[in-house]
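S.K.: I would like the entire structure built from these sequences, with the hints used as guidance.
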Amino acid sequence: MKIVLNKDAMLIVKEQDVVPFRNRVKEYAVKIGMSLVNQTKLITAASELVRNMLKYGGGGQTLIEVITQGRDSGIRLTFIDKGPGIKNIADAMKDGFSTGKSLGLGLPGTKRLVNEFDIKSVVGEGTTVTILKWKHG
Amino acid sequence: MKADLSKLLQRKKKQILESWIQHQLVDETLREDLMSNEELREQSEELVNALLKSLSDKVFADADAPELEPVYEILAGISISRARQGFSPKETGLYVFSLKNALQEVLDEEAKDDPQFLYDSIKRINKLMDNLGVLTFETYIKGREEVILRQTDEITEISTPVIRVWDGILALPIIGTLDSARTQVVMENLLQEIVNTGSTIAILDISGVPAVDSLVAQHLIKTVSATRLMGAECIISGIRPEIAQTVVHLGIDLSNIVTKASLASALKYAFGLMKLDVKRIQKDIKS
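So the sequence lines, in the order shown, correspond to chains A and B.
In terms of our numbering, the first sequence has 39 at position 39, counting the first letter as 1, and numbering is strictly consecutive.
In terms of our numbering, the second sequence has 1190 at position 190, counting the first letter as 1, and numbering is strictly consecutive.
Check each hint, because a few of them may be wrong.
[Claimed, not checked] Straight-line alpha carbon distances no greater than 35 Å define the calculated DSBU-like cross-link-like pairs of lysine-lysine that follow: (1) Lys1222(B) x Lys7(A); (2) Lys1012(B) x Lys82(A); (3) Lys1222(B) x Lys101(A); (4) Lys1142(B) x Lys111(A); (5) Lys1112(B) x Lys1275(B); (6) Lys14(A) x Lys1142(B); (7) Lys1222(B) x Lys55(A); (8) Lys1260(B) x Lys14(A); (9) Lys1260(B) x Lys1283(B); (10) Lys7(A) x Lys26(A); (11) Lys94(A) x Lys1222(B); (12) Lys1222(B) x Lys14(A); (13) Lys1123(B) x Lys1142(B); (14) Lys1142(B) x Lys1012(B); (15) Lys101(A) x Lys1260(B); (16) Lys31(A) x Lys82(A).
[What the hints assert, rightly or not] In silico contact screen, one side only, chain A against chain B (beta carbon under 10 Å); selected entries: (17) Val19; (18) Lys26; (19) Lys41; (20) Ile43; (21) Ala45; (22) Ser47; (23) Glu48; (24) Met93; (25) Asp95; (26) Leu105; (27) Gly106; (28) Pro108; (29) Thr110.
Keep in mind that the hints were calculated from the coordinates and are not lab data.
Cβ coordinates follow ideal geometry from the N, Cα and C atoms, glycine included.
M.R.: Below is the structure:
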């Protein structure tokens, strides 16, 4: 059973919001005692998803949660945008696939960086991505 | 007989101005260090003049009336200049709202015998002055934002120095996040400096970059490719262990770029490329 200990929301509307958001995530990661490598992985994943949200979804809402499950604790991040949605999620999760001009590593790379990854998208309504990184993951 | 509010106020201009300035002078938020009393009087007079001139029944009813535009302009100018001079938002806001007090005082006196007229007039003045107050605030914040934007530009400018560490070797320490705008500045500075100095090796040091995500990596790859097109070799240094792991997990391929853990090892590698050798001098000890 996952228990949410702490919840924090942040609105992302412009590129200048990326760094403050990353710092906020880092703060929580440090607070629960996450190792430096895992911190960096989580922050990179967060940065990746936030940029996606800005680029394709026109910004949106983020949620930072501190989670415990048994003896383990971790950080769960949720990214909700009301953009155009992703037509084919299977394609978007492939390495090197991009509808923009990027490397196409954002989504699949993020999935490799975290412990749990969930993406839901409805065309025309928006996309929600949830990731979870355990302290010792 | 119903008196005309605009006419009444226009007639009482001098009194309003005096009362307003008096209000400001006794107020504790008066900042004589930032603005002299003469300047304050001049500014206030200009605003009162413009405001009273534009007053009419139409203006009271419609806050967007074109007659009010000159007033808005003067007010915007005042609050922007106050934002730059370092007035606090409270001081700037009170400046405008104290005019409301002055207007009301004059009205109190003039319409003592006609409570209905007094009530109506005060209501209308309140509405108009609230509008002006909100506008002051908006422009004040805009003025502050401009200051912030200018500082952002300055930071971008100073944070991308290109250093000549050796004849033919350039180093470029990057501190902070690499976004598109930043990359553009970095790349321009670097390429220009390669031309200016005729260097053949450039070292990009990313020790100060907190996280390398795929966008940052893409920008790095672009910079390296551009440098190569100029005929120079580009080395990326300052890759920390946690960054290395993250980059691998993300699946970013940096294998055809020369990367080093520290600036020192990058410099050593550069010396190797230039066939230079750094040696400790053996002192001759003559016994």
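S.K.: Hints first: check each against the structure and report whether it holds.
M.R.: A quick look at each hint next to the structure:
1. For the hint linking Lys1222(B) to Lys7(A), the alpha-carbon distance of about 38 Å lies beyond 35 Å, and the restraint is violated.
2. For a cut-off of 35 Å, the pair hint linking Lys1012(B) to Lys82(A) is broken: about 56 Å separates their Cα positions.
3. Of the pairs offered as hints, the one joining Lys1222(B) and Lys101(A) holds, with about 12 Å between alpha carbons and a cut-off of 35 Å not exceeded.
4. Using a Cα cut-off of 35 Å, the hinted pair Lys1142(B) and Lys111(A) is violated, with the two alpha carbons roughly 41 Å apart.
5. A distance of roughly 96 Å separates the Cα atoms of Lys1112(B) and Lys1275(B); the hinted pair therefore is violated under the 35 Å criterion.
6. Note on Lys14(A) and Lys1142(B): the hinted pairing holds, with a Cα-Cα distance of about 17 Å set against a maximum of 35 Å.
7. At roughly 19 Å between alpha-carbon atoms, Lys1222(B) and Lys55(A) fall within 35 Å of each other, so this suggested pair holds.
8. Note on Lys1260(B) and Lys14(A): the hinted pairing holds, with a Cα-Cα distance of about 34 Å set against a maximum of 35 Å.
9. Straight-line distance between C-alpha atoms of Lys1260(B) and Lys1283(B) comes to about 33 Å, which keeps the hinted pair within the 35 Å bound.
10. Our distance criterion of 35 Å between C-alpha atoms is met by Lys7(A) and Lys26(A), whose separation comes to about 14 Å.
11. For the hint linking Lys94(A) to Lys1222(B), the alpha-carbon distance of about 22 Å falls within 35 Å, and the restraint holds.
12. Between the alpha carbons of Lys1222(B) and Lys14(A) the distance comes to roughly 24 Å, so the proposed pair stays at or under 35 Å and holds.
13. The straight-line distance between the Cα atoms of Lys1123(B) and Lys1142(B) is roughly 29 Å, inside the 35 Å bound, and the hint therefore holds.
14. Between Lys1142(B) and Lys1012(B) the CA atoms are separated by roughly 34 Å; this keeps the pair inside 35 Å, and the hint holds.
15. At roughly 28 Å between alpha-carbon atoms, Lys101(A) and Lys1260(B) fall within 35 Å of each other, so this suggested pair holds.
16. A distance of roughly 31 Å separates the Cα atoms of Lys31(A) and Lys82(A); the hinted pair therefore holds under the 35 Å criterion.
17. Here the hint on Val19(A) is kept, as its CB sits about 6 Å from the closest CB of chain B, short of 10 Å.
18. A distance limit of 10 Å between C-beta atoms decides the matter here; for Lys26(A) the minimum to chain B is near 8 Å, and the interface restraint holds.
19. Hint status for Lys41(A) relative to chain B: holds, with the closest Cβ pair at about 5 Å, below 10 Å.
20. With a least beta-carbon distance of about 5 Å to chain B, the hint placing Ile43(A) at the interface is held under the 10 Å criterion.
21. Interface hint status for Ala45(A): upheld, as the beta-carbon distance to the closest one in chain B is roughly 8 Å, under 10 Å.
22. At about 4 Å, the closest approach between the beta carbon of Ser47(A) and any beta carbon in chain B falls short of 10 Å, and the interface hint on this residue holds.
23. Taken as an interface hint, Glu48(A) checks out: its beta carbon lies about 5 Å from the nearest beta carbon of chain B, inside 10 Å.
24. Annotation: Met93(A) was flagged as interfacial toward chain B, and the flag is violated, the nearest CB pair being 12 Å apart, outside 10 Å.
25. The criterion of a C-beta within 10 Å of any C-beta in chain B is met by Asp95(A), whose closest approach is roughly 6 Å, and the hint holds.
26. Taking 10 Å as the C-beta cut-off, the interface hint given for Leu105(A) holds, the closest approach to chain B being about 4 Å.
27. Residue-level restraint check for Gly106(A) holds (minimum Cβ-Cβ distance to chain B is 5 Å; threshold 10 Å).
28. Interface restraint check: Pro108(A) against chain B, minimum CB-CB distance 7 Å, threshold 10 Å, status holds.
29. Checking Thr110(A) against chain B by beta carbon gives a least distance of about 8 Å; that is within 10 Å, so the hint holds.
In terms of the numbered hints stated before, the structure departs from hints 1, 2, 4, 5 and 24, listed from lowest to highest.
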